[in-house]
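Asker: Single-letter residue listing:
There are 2 protein chains.
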Amino acid sequence: MSPADKPVRVGMLGCGVVGSQVARLLLEDTAELSTRAGVKIELTRIAVRSIKDYPGLDPALFTTDPFSIVNDPEIDLIVEVMGGIEPARELAMTAINNRKSIVTANKALLASHGADLFTAAYAKGEDIYYEASVAGAIPIIRPLRDSLAGDFVTRLMGIVNGTTNYILTKMHEDNREFADVLKEAQALGYAEADPTADIEGFDAAAKAAILSGLAFHTRVTVDDVYREGISKITLEDVAIAKSMDHVIKLLAIAELTPADEISVRVHPVMIDKSHPLASVRDAFNAVFIEAESAGPLMFYGRGAGGQPTASAILGDIVAVSRHIALNSIGQRETDYADRDIAPIETTKTKFLIRLEVEDKSGVLAAIAKVFADQGVSIQTVDQNGRNDDAELIIVTHRATEGELKATVEALKKMSMVTKISSVIRVEGAIS
Amino acid sequence: MSPADKPVRVGMLGCGVVGSQVARLLLEDTAELSTRAGVKIELTRIAVRSIKDYPGLDPALFTTDPFSIVNDPEIDLIVEVMGGIEPARELAMTAINNRKSIVTANKALLASHGADLFTAAYAKGEDIYYEASVAGAIPIIRPLRDSLAGDFVTRLMGIVNGTTNYILTKMHEDNREFADVLKEAQALGYAEADPTADIEGFDAAAKAAILSGLAFHTRVTVDDVYREGISKITLEDVAIAKSMDHVIKLLAIAELTPADEISVRVHPVMIDKSHPLASVRDAFNAVFIEAESAGPLMFYGRGAGGQPTASAILGDIVAVSRHIALNSIGQRETDYADRDIAPIETTKTKFLIRLEVEDKSGVLAAIAKVFADQGVSIQTVDQNGRNDDAELIIVTHRATEGELKATVEALKKMSMVTKISSVIRVEGAIS
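Heads up: the protein sequence lines correspond to chains A and B, in order.
Following the UniProt record's numbering, the numbering of the first sequence begins with 1 at its first residue and continues without gaps.
Following the UniProt record's numbering, the numbering of the second sequence begins with 1 at its first residue and continues without gaps.
One thing to keep in mind: the hints can contain errors.
With a straight-line Cα cutoff of 27 Å, these simulated BS3-like cross-link-like pairs (lysine-lysine) come out [stated by the list, open to error]:
1. Lys124(B) x Lys170(A)
2. Lys273(A) x Lys170(B)
3. Lys124(B) x Lys242(A)
4. Lys6(A) x Lys124(B)
5. Lys360(A) x Lys273(A)
6. Lys6(B) x Lys124(A)
7. Lys242(A) x Lys273(B)
Computed footprint of chain A on chain B, listed as stretches where at least three residues anywhere in the stretch have a Cβ under 8 Å from a Cβ of chain A [said to hold, decoys possible]:
8. 148–157
9. 171–184
10. 308–320
Derived from the structure by calculation, the hints contain no laboratory data.
We put the beta carbon where it would ideally sit given N, CA and C, even for glycine.
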């Protein structure tokens with residue numbers, strides 16, 4: 001039962017912002033990390049696209065041939081930090097087939113090909129650990145997979161994209177337009193030159209797939225996730241949220257439906273200020289979980305960056321090294337529940353609809369009838385006069401996305417409706 | 001590598017609020033929990049002080065002889081939820097010597113005799129899992145021990161006692177006196193008839209010992225923890241905190257000192273409203289951690305109650321059952337760092353001192369000199385006239401507890417000082 005004397009040999013694929021940090025810390029802290037793992041951990045090889053000077057890293061560690069690492073019989077553990085789907089997928093599969101365990105930060109890979117990789121790793125008795133793939137430094141994979149293994153998650157809501165949370169925070173706190181803050185975020189390096197993956201919610205959707213799969217013991221891929229980004233959010237939306245003591249956040253939401261399906265989606269949400277997620281500012285991430293016995297839980301921290309991501313990867317390296325030394329494997333995500341994904345049309349939520357209407361008598365009655373005809377119950381109506389038009393702000397009770405969509409279509413056809421300015425989903429305080 | 005066909009047989013010690021919940025859920029959810037563990041989990045025996053009717057639990061499960069369980073060669077895993085130190089310690093030791101793994105919620109036992117139990121379990125190759133011992137349902141042991149195994153914690157601050165947080169929340173939000181809210185909490189069952197363990201910080205101190213030992217890879221016992229409770233906190237203190245945009249919380253704090261020692265303490269703190277811990281209300285718990293690579297992290301949820309505690313215990317049962325089936329063991333706390341505990345006198349923090357002084361000229365100069373003589377630098381002074389006396393509210397820069405204590409002693413000797421009303425430590429926003 002005591003760890004073997006043979007060291008665990010680590011090969012790394014990629015050496016960018018995250019990888020170079022992992023390599024540096026792994027070499028610097030070898031003694032402590034090895035003591036914690038109960039076995040000596042040795043970084044032996046790093047594959048990069050082109051070899052350059054990495055301060056503090058021995059040039060002899062590097063190769064441009066990643067397959068030489070995943071095929072090296074002396075290497076026990078592959079740390080994949082190259083990102084992207086190919087060749088990462090092929091390399092990981094080859095490594096598993098060669099009986100190597102994997103530590104990866106690659107959300108895109110897992111959200112698309114997780115099932116294949118897990119199945120292959122199961123068959124070979126190898127670990128795939130991926131704490132860094134969601135919410136950077138925040139321990140969220142282990143809490144979901146291990147700590148909550150004795151509980152039943154009913155709902156999960158996360159701020160899992162730092163770039164969009166930074167933009168929304170600046171819009172709320174400094175009253176600045178989306179485009180303006182985005183430009184600043186790009187200049188600061190918080191947003192990519194092509195910001196689509198962040199602002200249109202693709203990054204969050206991959207993370208939603210990974211978290212919901214774990215939480216509900218079902219395989220979920222990024223294609224199962226309904227997705228809307230934040231590019232349409234205006235300062236007017238923000239002002240209305242503020243006036244109602246709410247803030248707008250881009251949330252990844254996964255929940256069990258009454259039909260025992262999983263609803264998984266990423267979209268902007270107006271959330272009550274008293275909810276713990278509402279006070280998560282700037283580029284911080286947080287995941288809020290409700291479980292049957294545990295009740296509400298929240299996990300908060302830095303969701304990105306070289307150092308925070310390296311922290312998560314190094315924790316995984318210690319755990320997997322220990323398993324290798326003990327000839328064991330860690331707790332596994334399971335897919336026994338095999339639930340269906342709920343069509344977005346059946347998902348129930350509250351909505352805020354902001355629309356411009358002609359300012360004449362009978363308009364409110366006519367509009368209220370449209371809502372009623374679609375089965376959507378109105379909770380509050382707020383009416384502001386503006387020139388010849390009036391602005392109506394309508395908050396509904398919980399309705400399905402399908403009912404709401406039909407309502408909006410019907411509203412668009414009314415001659416007295418000048419413009420549907422926005423439709424935003426609404427979440428309350430902790431229930 | 002695939003789990004054995006032999007089921008894992010669980011014996012339970014105790015069947016109170018938490019234990020009965022664990023037993024009920026373990027029987028109700030056997031299929032799911034066994035699938036997640038990869039091995040069938042069977043609850044076979046429960047020891048209680050006196051046998052009574054437990055709804056939903058087969059009377060044949062019960063015995064009044066706990067030693068018959070820890071000595072039963074058919075039982076693999078002991079769930080200790082009886083609490084207290086003896087006979088829990090002797091039973092756990094006997095179980096370990098009989099090669100059984102332990103899942104426990106017993107903070108008092110671990111904070112006093114953890115080192116002995118861990119050493120014995122190491123020697124026998126058994127697990128001791130104890131997620132439920134600190135902060136109820138909140139995953140905090142696993143994140144510290146496993147997720148942060150690749151990182152270095154520098155500081156940890158926790159709201160780990162729900163009763164005191166409930167009382168302080170009511171004092172802040174409803175402007176009610178300590179004694180009044182305590183009485184209500186007792187009536188509601190949130191506080192014990194003898195509330196000393198909660199309000200004087202003994203419960204929090206046990207949790208501080210467990211968390212700081214894990215975080216700093218050192219054995220820490222409850223006797224190492226400096227402790228002050230909340231019974232001296234007045235509505236005047238609360239009002240001053242509010243006026244400075246702070247709230248008063250009972251915090252467990254553990255940090256590395258510049259001398260590479262650990263400072264571990266439990267006491268009331270005025271904390272800046274913008275700090276994530278400041279918005280943790282009512283009986284909720286939260287632990288805030290700063291680590292070198294990860295940066296700031298926070299874990300939030302229900303810290304007590306039958307169901308939340310059962311959630312943590314069941315997660316541990318699944319994990320340990322899996323290890324038993326795989327003939328493996330989980331990640332272990334280590335004590336290799338073996339750091340000294342810093343004497344409280346050397347601990348540095350900011351202080352607020354509220355004192356009544358004669359309202360005449362030269363008083364402030366004389367008092368400022370006392371601070372300067374002890375090496376304590378003043379950050380702000382606020383002076384309120386009240387009848388013949390004046391009230392001074394002084395906030396210091398960071399000073400040692402020893403320097404502050406000497407300052408207070410010197411102030412007490414001054415004839416112009418009528419009363420030292422309170423001394424409260426102050427924490428800022430996230431640095």
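Asker: For each hint, tell me whether it holds in the structure or not.
Answerer: Structure-based check of all given hints:
no.	hint	in the structure
1	Lys124(B) x Lys170(A)	56 Å, violated
2	Lys273(A) x Lys170(B)	20 Å, holds
3	Lys124(B) x Lys242(A)	59 Å, violated
4	Lys6(A) x Lys124(B)	22 Å, holds
5	Lys360(A) x Lys273(A)	35 Å, violated
6	Lys6(B) x Lys124(A)	22 Å, holds
7	Lys242(A) x Lys273(B)	19 Å, holds
8	148–157	holds (count 5)
9	171–184	violated (count 0)
10	308–320	holds (count 11)
This entry does not satisfy hints 1, 3, 5 and 9, going by the numbered hints stated previously.
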